[in-house]
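S.K.: Join these two chains into a complex; the hints should help.
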Amino acid sequence: MSYFRAEDLSLHFGGLKAVDAVSFAVEKGEILSIIGPNGAGKSSIFNLISRIYPPTSGKIYFEDQDITQQPAYEIAGLGIARTFQNIELFENATMLSNLLVGRHRHSTTQLWQELLFLPSVRAHEKAHRRRVEQVIEFLDLEVYRDKLISGLPYGVRKVIELARALCSEPKLILLDEPSSGLNVEETGDMSFWIRDLKTDLGITVLMVEHDMSLVNRVSDRVIALNYGKVIAMGSPSEVQRHPDVVAAYLGA
Amino acid sequence: MRFLFKTDYEDDIRLMPHSGYLVTYGVLLALLAVAPFVLSSYIMSQLVFVCIYATVGVGLMILTGFTGQASLGHAAFLAIGAYTAAFLQQYNVPFPVYFLAAGLLTGVVGALVGFPALRLQGIYLVIATISFAFIVEEILARWESVTHGNEGMRVKTMQVFGMAISRDSPTFYFLCLGFLILTIVGTLNLLRSPTGRAFVAIRDSETAARSMGINVSLYKVKSFAISAAITGFAGCLFAHKLSFISPEMFTLLLSIEFIIVILIGGSFSLHGAVLGAIFLVMIDPLLTYLKDDLPGMIAGVASTFGAGKESASHIQDKAAAIASANGLKGAIYGLIIVLFVLFEPLGLYGRWLKIKLFFQLFPLYKRATFKRQKIYVKSERNR
Numbered sequence: 119m120s121y122f123r124a125e126d127l128s129l130h131f132g133g134l135k136a137v138d139a140v141s142f143a144v145e146k147g148e149i150l151s152i153i154g155p156n157g158a159g160k161s162s163i164f165n166l167i168s169r170i171y172p173p174t175s176g177k178i179y180f181e182d183q184d185i186t187q188q189p190a191y192e193i194a195g196l197g198i199a200r201t202f203q204n205i206e207l208f209e210n211a212t213m214l215s216n217l218l219v220g221r222h223r224h225s226t227t228q229l230w231q232e233l234l235f236l237p238s239v240r241a242h243e244k245a246h247r248r249r250v251e252q253v254i255e256f257l258d259l260e261v262y263r264d265k266l267i268s269g270l271p272y273g274v275r276k277v278i279e280l281a282r283a284l285c286s287e288p289k290l291i292l293l294d295e296p297s298s299g300l301n302v303e304e305t306g307d308m309s310f311w312i313r314d315l316k317t318d319l320g321i322t323v324l325m326v327e328h329d330m331s332l333v334n335r336v337s338d339r340v341i342a343l344n345y346g347k348v349i350a351m352g353s354p355s356e357v358q359r360h361p362d363v364v365a366a367y368l369g370a
Numbered sequence: 000m001r002f003l004f005k006t007d008y009e010d011d012i013r014l015m016p017h018s019g020y021l022v023t024y025g026v027l028l029a030l031l032a033v034a035p036f037v038l039s040s041y042i043m044s045q046l047v048f049v050c051i052y053a054t055v056g057v058g059l060m061i062l063t064g065f066t067g068q069a070s071l072g073h074a075a076f077l078a079i080g081a082y083t084a085a086f087l088q089q090y091n092v093p094f095p096v097y098f099l100a101a102g103l104l105t106g107v108v109g110a111l112v113g114f115p116a117l118r119l120q121g122i123y124l125v126i127a128t129i130s131f132a133f134i135v136e137e138i139l140a141r142w143e144s145v146t147h148g149n150e151g152m153r154v155k156t157m158q159v160f161g162m163a164i165s166r167d168s169p170t171f172y173f174l175c176l177g178f179l180i181l182t183i184v185g186t187l188n189l190l191r192s193p194t195g196r197a198f199v200a201i202r203d204s205e206t207a208a209r210s211m212g213i214n215v216s217l218y219k220v221k222s223f224a225i226s227a228a229i230t231g232f233a234g235c236l237f238a239h240k241l242s243f244i245s246p247e248m249f250t251l252l253l254s255i256e257f258i259i260v261i262l263i264g265g266s267f268s269l270h271g272a273v274l275g276a277i278f279l280v281m282i283d284p285l286l287t288y289l290k291d292d293l294p295g296m297i298a299g300v301a302s303t304f305g306a307g308k309e310s311a312s313h314i315q316d317k318a319a320a321i322a323s324a325n326g327l328k329g330a331i332y333g334l335i336i337v338l339f340v341l342f343e344p345l346g347l348y349g350r351w352l353k354i355k356l357f358f359q360l361f362p363l364y365k366r367a368t369f370k371r372q373k374i375y376v377k378s379e380r381n382r
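Residue numbers (this note's numbering), protein chains in the order written: chain P, 119 to 370; chain B, 0 to 382.
Excised from the complex, chain B in its bound form (with noise of 0.2 angstroms):
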């Protein structure tokens, strides 16, 4: 086990506290910036999705995860990032332009629904948010002189300083890293300056944190414009790297698909949000894998215990017919919720500390370090 021998107050501001951090992100960047001369088409277009998701996720995490704002409405700024950049394309704006255009606006938007906002807590601002995506969807489909309404928007092949950027090319799969790695440092970097510890302050008790002089409801307007801002970043590489978007893709279950991200990944930190993305990205082929095959199988059990050939097609057609229902995706997600909630509230990284913890520990390690504890001190009244 390492013990840290702290002599500055810079130890504690610094990104990373020991040589081992150094070590660990200089290998997992290396690693990073090897994989598109290594790995398949396959692979790097699914990681270029986790750098999209994993992006998202960061902010989200700054307001759910750090401000404790929860929102359904994140597929609607990932949707107005995405628009947006394609409706400036149209008029060849020029890649760095309409990329920061597309943040910007979608950081307004998100500051705005932040105002009514303020006056909502817990499940009646998740019902807020969840309205507003389903007005941007609406606008989306409806407003067709912008956004060709359900026909969708084709997202031409971008084009930096007359260079065209394939979105299956390294170079596609370097910016969405690029943009990842600025996200999190610029997160960190918030973190641990005063704008950060408000909003964690704002989740843990905006009583307290208004008689500390903080600002609450600037700052919940902060978080929701940054959050919303880094959402319609990741928007406007969604828009490319799909290459063509309508109204369709920007559902209720995306926005639910980001609050797996940060819940399965860990809701306080961003290496949960990065977890998450990669858990997320990795389960869509999985379930489509289980899809195909999951009813076949079946039946070979079936017919080894003794199934008659006629009962064991009737077995794999009736599995294949629950396999392929409407809205079964939605189900398992919510299942997948539902068991990380009860089971592992601190997510993947959360388990990851814990596996860590018993072999520094080891074997001193107790199961009770990570029990849970009741407080019944804290009082909601004067929210």
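Isolated chain P, as found in the complex (with noise of 0.2 angstroms):
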């Protein structure tokens, strides 16, 4: 059985589809990457499986738990964190508060323990300040620490989200373009980074990506996806030569 499986999974707004019965499986400590036109149904997939949107049909399993039905907060108790296309950081909010927040489905404490700030919330608060340093250090972070997010350039901002992702100790990340807006120098890093992920953390790697220098250097497989359906699927070099590909990004 897969570590994590989508089967015939589809997504109709009315007549579109932007979804259209794609199945496909994430094998333990691989990087599985989705590529794919504009409009193919790339994110929607990743709203899919963050629950964002509930499926018009299809199954997805985790660790061969259908997950289809739970609801969308229990999906990152799960194991199953994600980044976001368009940056969904807490703005008004310090870069290290942003990163205890992905820390929260670890959290055990009640509500008047914190009202009185008990010290066993103390001590919480400090195993998980912990954690969240061991991610600032992976991640480069340490000078933006109190920085508040708001005033951060977005290259930052975007490492910040996978930062905060990974402070919930994910066994899955799904990162939507982690190098869009990014320089060429960033985008390095970002790569050298998301095998990090495999080598070091050993975490499952799903993500949607354009940069295909990226997409080279870190998947181990890719799926290639045009207008909700599964066009291609294997080693990067084997989808890039497939001829359904080109038609799709260079037109017939």
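Just to be clear, a hint being listed does not mean it is correct.
[Said to hold, decoys possible] In silico SDA-like cross-links for lysine to any residue, where the CA-CA straight-line distance does not exceed 20 angstroms:
(1) Lys244/P with Arg191/B
(2) Lys317/B with Phe304/B
(3) Lys265/P with Leu3/B
(4) Lys265/P with Phe304/B
(5) Lys353/B with Ser268/P
(6) Lys265/P with Lys5/B
(7) Lys316/P with Glu145/P
(8) Lys240/B with Ala163/B
(9) Lys135/P with Pro155/P
Honestly, the hints are just simulated from the structure, not real lab data.
M.R.: Here it is, written out as structure tokens:
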């Protein structure tokens, strides 16, 4: 059985088939990229997995558990974290508190304990902080610790979003266009980090990406989508040479 | 300028980051402690109102400032707290019990209001909370067996363990001040724990909050309940301070006053709630004073510029008519809100931070430091 599976996943908006009977599987510890032209349904698949949209039909399995009907907030609890294409950070908070929100699924303190800030809450806070600091060190974000997100440049925010997702200690991470809006150097850093996610932290990565050089550098396998349908699947070079993929990008 | 050298995670958890805070708040507390023995009874009475309004302000700040859920129904929560206290007092329930009951019952009502509000955003939520406030107002006026309708209810002097605490006594002031401090400390504790961070996360991006594992609905209800409970407690104190309550005290205008408290004070800080309360309690006597004296002043100015005696008194009458026009107070409040939103969106506390930074950085302060930037990357699609 695969680690993560989508079976006949569909999302229809009226007559528009944003995702049309897509099936794929992600093996534990691999990096799988989803590519495709604009509007192919890549981000919609992510939004289906993180339950922002309910699927029209189809099933999603994670660790042999059907998660199609789980409420959105429980997805993170299962160990699936994600980043967003258009950055959804908490703008008016510091980076540190953004990352601490990432720890939310591990928080166990009760409201009344927090109101009194009992020693147990304090101890929990410190433990969370230690884990957050490990992520900060991993992604070289030390200088931004107390900075408000609203004052940070786009490239940094992109990394912070990755950091926030990592703070939840996910088993599977969904990266929605991790390199969009980044310059060449930042994209290079990002590709190293994505590989490190797999090799150092043992996290399975599912990512949507347009930058083919990044896809080639990090992916173990690639899925190409067009008009909500899978048109090719395989190693990066295989998929890029596939006639349907060439047709989708360049026109037949 | 002070540079904090952090050596421990504790440095970011502590409520007072450095000794300067201890000095400032120590002095403030000492001043507040000696106030009843120095200041006139009128000013003390105003200070009690500042404490009560600030408590409500903190409650509303949790909901609107930190969780991002606007509410124009807090007068209703205050009313529920006040009437619960007044009702239970009739049956000789001791103060600590009905004080707790006022807060808890209002908290439960707040949670119940929170449920239908889950699906509403922005202006629709405001409308829903206004309707809730009208419903409560109407119930208070009609449910005569409990609330005595429009006759209102008398609230007897507070009895704590056989000791009478009159509404003008220093003890009552200390009670209100103590509860305010307790509320503020509790809220600060909440803000540095997971729940408070979840509130802020919901305010800034519900989608992201959800994908971080935050049960958005549950936390919105929690925020409503906490906010309402704090307001309910304040309502009990409010009833004692006024010693008489009736439905027309808890109108939409009072809810708008609470919005003014947090908006003028600065909508993202507890300092703001207190500053806003001071502002609001001060502005009422100021408006009354202007209403009485402004027409005379205008007439004086007019006669200085050569208006005849008759036309000067005519001008005075006109000005007096305008000054005592119905609903003028509401209009002025509206104007204040609009001006603050336009020119000082971070409120009085935001202005204070700017002034502080100016002196800290002098002479390097740049005007552009607080210039507002437009950000286009955030999406509203996935709400």
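S.K.: Hint by hint, note whether the structure agrees.
M.R.: Hints, verified against the model:
no.	hint	verdict
1	Lys244/P with Arg191/B	holds (11 angstroms)
2	Lys317/B with Phe304/B	holds (17 angstroms)
3	Lys265/P with Leu3/B	holds (14 angstroms)
4	Lys265/P with Phe304/B	violated (57 angstroms)
5	Lys353/B with Ser268/P	holds (17 angstroms)
6	Lys265/P with Lys5/B	holds (15 angstroms)
7	Lys316/P with Glu145/P	holds (12 angstroms)
8	Lys240/B with Ala163/B	holds (14 angstroms)
9	Lys135/P with Pro155/P	holds (15 angstroms)
In summary, the structure is inconsistent with hint 4 from the numbered list given earlier, while agreeing with all the others.
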